[in-house]
Structure formats: structure tokens, C-alpha cells
Amino acid sequence: MKGLFIKDLILLKNQAKFYILFAMICGLMMFVNFNPGYLIGYMTLLAMMFTFTTMSYDEFENGYSFLFTLPFTRKDYVKEKYGFGILISVTVWIVFLLAVLLKSVITKDLDMGPIFATALMYLFMIQLFCAVNLPIQFKFGAEKGRIAFIGVTAVAFAAVFGLSKIGKLFGMSMIEVIDRIDTINPIYLFGITACICIVAYVISYSISVKIMEKKQF
Amino acid sequence: MMLKLENVQKRYDGYSLDCSLELRTGYITGLVGLNGAGKTTIFKSALGLISVDGGGIQIFNKELKDLTAEDREEIGVVHYDSGFSGYLTISNLTVILKNLYKKFDKEGFEQKCKEGNLPFNKMIKNFSTGMKAKLKLIVAMSHHAKILILDEPTAGLDVIARDELLDYIRSYMQEGDRSILISSHISKDLETLCDDVYLIDQGRIILHEETDVLLDRYGLLKTTNEQYKELDHQHIIRRYKEAYGYRCLTDHKDFYVHKYPDLVMEKGTIDEVLTLMIRGERL
Numbered sequence: 001m002k003g004l005f006i007k008d009l010i011l012l013k014n015q016a017k018f019y020i021l022f023a024m025i026c027g028l029m030m031f032v033n034f035n036p037g038y039l040i041g042y043m044t045l046l047a048m049m050f051t052f053t054t055m056s057y058d059e060f061e062n063g064y065s066f067l068f069t070l071p072f073t074r075k076d077y078v079k080e081k082y083g084f085g086i087l088i089s090v091t092v093w094i095v096f097l098l099a100v101l102l103k104s105v106i107t108k109d110l111d112m113g114p115i116f117a118t119a120l121m122y123l124f125m126i127q128l129f130c131a132v133n134l135p136i137q138f139k140f141g142a143e144k145g146r147i148a149f150i151g152v153t154a155v156a157f158a159a160v161f162g163l164s165k166i167g168k169l170f171g172m173s174m175i176e177v178i179d180r181i182d183t184i185n186p187i188y189l190f191g192i193t194a195c196i197c198i199v200a201y202v203i204s205y206s207i208s209v210k211i212m213e214k215k216q217f
Numbered sequence: 001m002m003l004k005l006e007n008v009q010k011r012y013d014g015y016s017l018d019c020s021l022e023l024r025t026g027y028i029t030g031l032v033g034l035n036g037a038g039k040t041t042i043f044k045s046a047l048g049l050i051s052v053d054g055g056g057i058q059i060f061n062k063e064l065k066d067l068t069a070e071d072r073e074e075i076g077v078v079h080y081d082s083g084f085s086g087y088l089t090i091s092n093l094t095v096i097l098k099n100l101y102k103k104f105d106k107e108g109f110e111q112k113c114k115e116g117n118l119p120f121n122k123m124i125k126n127f128s129t130g131m132k133a134k135l136k137l138i139v140a141m142s143h144h145a146k147i148l149i150l151d152e153p154t155a156g157l158d159v160i161a162r163d164e165l166l167d168y169i170r171s172y173m174q175e176g177d178r179s180i181l182i183s184s185h186i187s188k189d190l191e192t193l194c195d196d197v198y199l200i201d202q203g204r205i206i207l208h209e210e211t212d213v214l215l216d217r218y219g220l221l222k223t224t225n226e227q228y229k230e231l232d233h234q235h236i237i238r239r240y241k242e243a244y245g246y247r248c249l250t251d252h253k254d255f256y257v258h259k260y261p262d263l264v265m266e267k268g269t270i271d272e273v274l275t276l277m278i279r280g281e282r283l
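The listed protein sequences correspond, in order, to chains A and B.
Numbering follows the numbering used here, in which position 216 of the first sequence is assigned residue number 216; successive positions increment by one, without gaps.
Numbering follows the numbering used here, in which position 86 of the second sequence is assigned residue number 86; successive positions increment by one, without gaps.
Wrong hints could be hidden among the right ones.
Claimed, not checked - Distance condition first, Cα-Cα at most 25 Å in a straight line; then the derived BS3-like pairs of lysine-lysine:
1. Lys62/B / Lys75/A
2. Lys13/A / Lys2/A
3. Lys4/B / Lys214/A
4. Lys98/B / Lys75/A
5. Lys132/B / Lys102/B
6. Lys79/A / Lys103/B
7. Lys125/B / Lys98/B
8. Lys4/B / Lys98/B
9. Lys241/B / Lys267/B
10. Lys2/A / Lys98/B
11. Lys259/B / Lys241/B
12. Lys13/A / Lys106/B
13. Lys103/A / Lys144/A
14. Lys114/B / Lys79/A
15. Lys132/B / Lys122/B
16. Lys210/A / Lys65/B
17. Lys98/B / Lys122/B
18. Lys146/B / Lys65/B
19. Lys259/B / Lys210/A
20. Lys144/A / Lys214/A
21. Lys214/A / Lys79/A
22. Lys146/B / Lys114/B
23. Lys62/B / Lys103/B
24. Lys241/B / Lys2/A
25. Lys125/B / Lys17/A
26. Lys2/A / Lys222/B
27. Lys98/B / Lys114/B
28. Lys267/B / Lys79/A
29. Lys103/B / Lys75/A
30. Lys17/A / Lys122/B
31. Lys102/B / Lys2/A
32. Lys146/B / Lys4/B
33. Lys13/A / Lys65/B
34. Lys75/A / Lys215/A
35. Lys215/A / Lys79/A
36. Lys75/A / Lys65/B
37. Lys214/A / Lys259/B
Read the hints as simulated data drawn from the structure, not as lab findings.
Sequences are here, hints too, so could you generate the full structure?
Quick look at the structure:
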């Protein structure tokens, strides 16, 4: 599995130019008072997206039928993709958070509290995105996976819309629910979100393993 | 026994595979058949890339499902249409393979790549067909695997490149306790390389023979209609109607050479045997 991980790191390194360019643009945007929390989230999302890029590299030109003759199990492959996604996104998140922190120390014009809260929420959202998207990518592959993900997103939006309509019937508005969430102690809120992410990852991982173990190459 | 397929069955829409095959220690075993005969399905079944509908597959005397990652280190694979990502370089592969295989021979790998004039820092996707094929084989051989499973390793190569690759394969067998299962649509390659060959057609093994036996004992007899009528048919396996009479396949070439010295007898090459076995009429 170590070899697989190194393969993905090398693929990432080979595509680093593109990422560095984005990082530089984001760095510049920080100096024109762009929301740093959003920038950290954006760069973290880009890093996470690279996990899916490695999967499309693996799949390209029947790559899987060679890859799965190498000395690891299909479960190892799934494990590596989850590990890679989490590690790379958290690392990038920390690096950019430290960069913002450094800027705040130098320029003394940033309030790190809300920035940290926004960035943390983005990190959780990106992990949830990964947990939902990975089984879809494993099931449908890179090309069809994109369409399937759009489908899943549409269903999720429809579900939220439907819930808000049902809520209205019982005299509860979505705005009120969001306002109520705002009143929750942030530490509890982050704790709850982190738990949701962990549960989502556990479910997502077991689905992905089942998908890959059944897959034919 | 390195690899054993026992009544392995796989059914697709309009196609079914049902075959048994053995790869013995120290043997190079060839798999020959027309396009779509089932060669790749056999390879994929043996490697666990597809599930089978029946039968058993054993590698190193272990059931395929019980094969561990360590066992897989003892298997080197070449697929004609698949390999490492084209966005990697040979320098990248050196690092990856070192971390994938405990027995990865870095010096040997780099040496072979240098001998094959393969550039270390060029992305694989920019390699020529010959360079890619060479690299796939060098990778498969780089970790001292006990079994090499080579699906059309010479596909798309010119004569010189093919010879070079066949030499690599031969040299790999110099160390004992190794076996190779290889398929090629160029059967001449297999005649000089393999210890035994399996002929496959429409998902069934139609012939399994030691290569020497096939080349020595099998022959093609060309007869007119009259000659055919007078011919002793006891060792004729297949016949095929031609404009001049019959083309017959025998596995007792000497019998007919001695008994009918005037008849035209051609050497049984794998191609000829395969053609007659498929297109010929069974007696």
C-alpha cells in the first residue's frame, strides 16, 4: 500500500505546477482582502479533488486491469484512496491556515477567530464531499462518476427542498433552523460536524470496499 | 504446480469459457488462439480480475481467493493494453516499485532500462509502442517473480523489437523455479520459446501439446480426392476440403511419410495446426 501512496504522491508532484499557480493566485488574493477562510477552503478542495484525479489516472487506458495485479488487495486500494484524500486535504488545510496566521501576525489586520471557524467548517464540508463522492467514483469511474455526482447533488438539494416544504407544513422554516444552528456553541457544532464526517467516512468506506471487491476488470 | 485452472467457466452474452490449464514449474507455456478465442479471459480469470462462474483456480497450490499481497509479489504481469499510468516516468517507477516489492532489483531494473535505451525522465505516455512494451516486460521481471503472465507482450512490435523481448524472456528462465504463461498472436514467437502450447478456440482448449511434439509429430498432408480415398485415416485428426482435394492434419507424421512417400507432407507449425483444428472437419 505504501507503493500505491507513493505513486499518488508522485502523480501529485508531477501536476504540482498547476496547483502552485493556484496557490500563488490565492496568496495574492489574500492581500486584496479576499476572505482568507474561503481561500483556505478552496485550496483544500482543490487538494481533495486531486484524489479523484489519481483515480482517473489509474483507470485511464484500462489501467485498473494492470494495477490490480500488483501486490495489494482491492481493500488496500480503497483504504489508500481514503487515506490519501484525508491526509492531503488536512495537510493543505494546515499549511494554508498557517500561511494566513503568518499574514495576520505580520499585518495585524486579521481576526483569526472567525477565519479559523470558517476554514474548519470548509474542512468538514470537504470531507463530507469526499465521503459522498468516493463510492460514486469507485462505482462509476471518473467519467460517469462526474455525472453521477451531479445526480447525487441534485437529489440532495431536492431532499433539502422537500424537507423545508414539509417543515413549513409543521410551522418550521429553514431560516429558523439555520438561525438556531448559529446559536449552538461553536465547539459543540464542530464536534457534531466532526462526528457526522467520521460516520459518513465509515459508511462510505464500507460501501466503497464492497463496490471494488465486486468490480470486474 | 505454479498455476492450475480446473474447468474454469465464465459466461458472457454470446460467449462462454470452459477450460482447464496447467503451468508447470520451469515451463514456458503458450496460449494460442484467434482474436476473441478467450486468451485474455483466461489471463484475467487467473489473475482474479474477473470473477468466474465455476471451476477452480490455484496459484502456488493456493486457491486464488486465498492469495495474499505477498503471494502476488511472486507474480509479474504484462497486459498488452494496460500498464502503469502514462503520467509517470521510469525514475518515478523505480521509487514506486521499490515500495511495492520487497525483492525489487533496482540495479537490474535500471540496467535493463539503460540497455533498452529507455529514457528515465520522459513520461511513459510519450514512449513509442516498442518502448512501452519493453518497459512493461522489464517491470514484470524486476522483482524476481516466480510466475510471469504475459498477455500479448510482443503486440504491435517490429521483428527486431520482438526478438529483443523474446531474448529477455528466455534469459529470465535461466534461473530455475520460474514459469511463464504467454499468449501471442504471432505463433512463430511461441514455437521457439514455449515448452508446451494450448490452442484455444471459442472458449475451449482444443489442443494441448509439448511444442517439440507438435513440431515433430504433427504434419499437413496434401492429397487429391483419389489419394484421400486410398489413405489410411487412422491418424488423421482433421481434414479440410481444398480445390485440389484435401488438406489433412495428422499427429503421426512419420507414419504417413513412410507409408506414403509420394504424398506431400508439410511440417505442422502452430499456425497450420490451429487453422486445421478450427476450420477442419473432425474424422
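Taking the hints in turn, this is what the structure says about them:
1. Distance hint between Lys62/B and Lys75/A is fulfilled; the C-alpha atoms sit about 20 Å from each other, no more than 25 Å.
2. Under the criterion of a C-alpha separation no larger than 25 Å, the hint pairing Lys13/A with Lys2/A is consistent with the structure, at around 16 Å.
3. Only pairs whose Cα atoms come within 25 Å are accepted, and Lys4/B paired with Lys214/A is accepted, the gap being roughly 23 Å.
4. Taking the CA atoms of Lys98/B and Lys75/A, the gap is about 21 Å. The hint holds against a cut of 25 Å.
5. The straight-line distance between the Cα atoms of Lys132/B and Lys102/B is roughly 24 Å, inside the 25 Å bound, and the hint therefore holds.
6. Between Lys79/A and Lys103/B the CA atoms are separated by roughly 24 Å; this keeps the pair inside 25 Å, and the hint holds.
7. For the given pair, Lys125/B sits about 21 Å from Lys98/B by alpha-carbon distance, which is consistent with the 25 Å threshold.
8. A threshold of 25 Å between alpha carbons decides the hint, and for Lys4/B with Lys98/B the separation of about 29 Å lies outside it, so the pair is violated.
9. For the proposed pair Lys241/B and Lys267/B, the alpha carbon gap of about 19 Å is at most 25 Å, so the pair holds.
10. Distance hint between Lys2/A and Lys98/B is fulfilled; the C-alpha atoms sit about 10 Å from each other, no more than 25 Å.
11. Taking the CA atoms of Lys259/B and Lys241/B, the gap is about 22 Å. The hint holds against a cut of 25 Å.
12. Distance hint between Lys13/A and Lys106/B is fulfilled; the C-alpha atoms sit about 22 Å from each other, no more than 25 Å.
13. The hinted pair formed by Lys103/A and Lys144/A fails the criterion: a straight-line CA distance of about 41 Å is larger than 25 Å.
14. With a CA separation close to 35 Å, the supplied pair Lys114/B and Lys79/A exceeds the 25 Å bound.
15. Annotation: proposed proximity of Lys132/B to Lys122/B holds, straight-line Cα distance about 12 Å (limit 25 Å).
16. Between Lys210/A and Lys65/B, the direct Cα distance comes to roughly 15 Å. Compliance with the 25 Å bound is thereby established for this hinted pair.
17. Distance restraint check for Lys98/B and Lys122/B: the Cα-Cα separation of roughly 19 Å lies within the 25 Å cut-off, and the hinted pair is therefore satisfied.
18. A C-alpha spacing of about 19 Å is found between Lys146/B and Lys65/B, which places the hinted pair at or below 25 Å, so the restraint holds.
19. Restraint check: the Cα-Cα separation between Lys259/B and Lys210/A comes to about 65 Å, which exceeds 25 Å; the hinted pair is violated.
20. About 18 Å separates the Cα atoms of Lys144/A and Lys214/A, which keeps this hinted pair within 25 Å; it holds.
21. As the CA atoms of Lys214/A and Lys79/A are separated by approximately 16 Å, the hinted pair is consistent with the 25 Å bound.
22. As the CA atoms of Lys146/B and Lys114/B are separated by approximately 24 Å, the hinted pair is consistent with the 25 Å bound.
23. In summary, the hint linking Lys62/B to Lys103/B is supported, as the alpha carbons are separated by about 21 Å, within the 25 Å threshold.
24. Distance restraint check for Lys241/B and Lys2/A: the Cα-Cα separation of roughly 60 Å exceeds the 25 Å cut-off, and the hinted pair is therefore not satisfied.
25. Proposed proximity of Lys125/B and Lys17/A is supported: the alpha carbons are some 19 Å apart, at most 25 Å.
26. Annotation: proposed proximity of Lys2/A to Lys222/B is violated, straight-line Cα distance about 61 Å (limit 25 Å).
27. For a cut-off of 25 Å, the pair hint linking Lys98/B to Lys114/B stands: about 18 Å separates their Cα positions.
28. For the hint pairing Lys267/B with Lys79/A, the CA-to-CA distance comes to about 55 Å; that exceeds 25 Å, so the pair is violated.
29. Pair hint Lys103/B plus Lys75/A holds up; C-alpha atoms about 23 Å apart against a cutoff of 25 Å.
30. For the hint linking Lys17/A to Lys122/B, the alpha-carbon distance of about 17 Å falls within 25 Å, and the restraint holds.
31. In summary, the hint linking Lys102/B to Lys2/A is supported, as the alpha carbons are separated by about 12 Å, within the 25 Å threshold.
32. At most 25 Å may separate the alpha-carbon atoms for a hinted pair to count; Lys146/B and Lys4/B meet this at roughly 14 Å.
33. Using a Cα cut-off of 25 Å, the hinted pair Lys13/A and Lys65/B is violated, with the two alpha carbons roughly 35 Å apart.
34. Taken as a hint, the Lys75/A and Lys215/A pair is honoured in the structure, with Cα atoms around 12 Å apart against an allowance of 25 Å.
35. For the proposed pair Lys215/A and Lys79/A, the alpha carbon gap of about 16 Å is at most 25 Å, so the pair holds.
36. A hinted pair counts as satisfied when its Cα atoms are at most 25 Å apart, and Lys75/A with Lys65/B qualifies at roughly 13 Å.
37. For the hint pairing Lys214/A with Lys259/B, the CA-to-CA distance comes to about 59 Å; that exceeds 25 Å, so the pair is violated.
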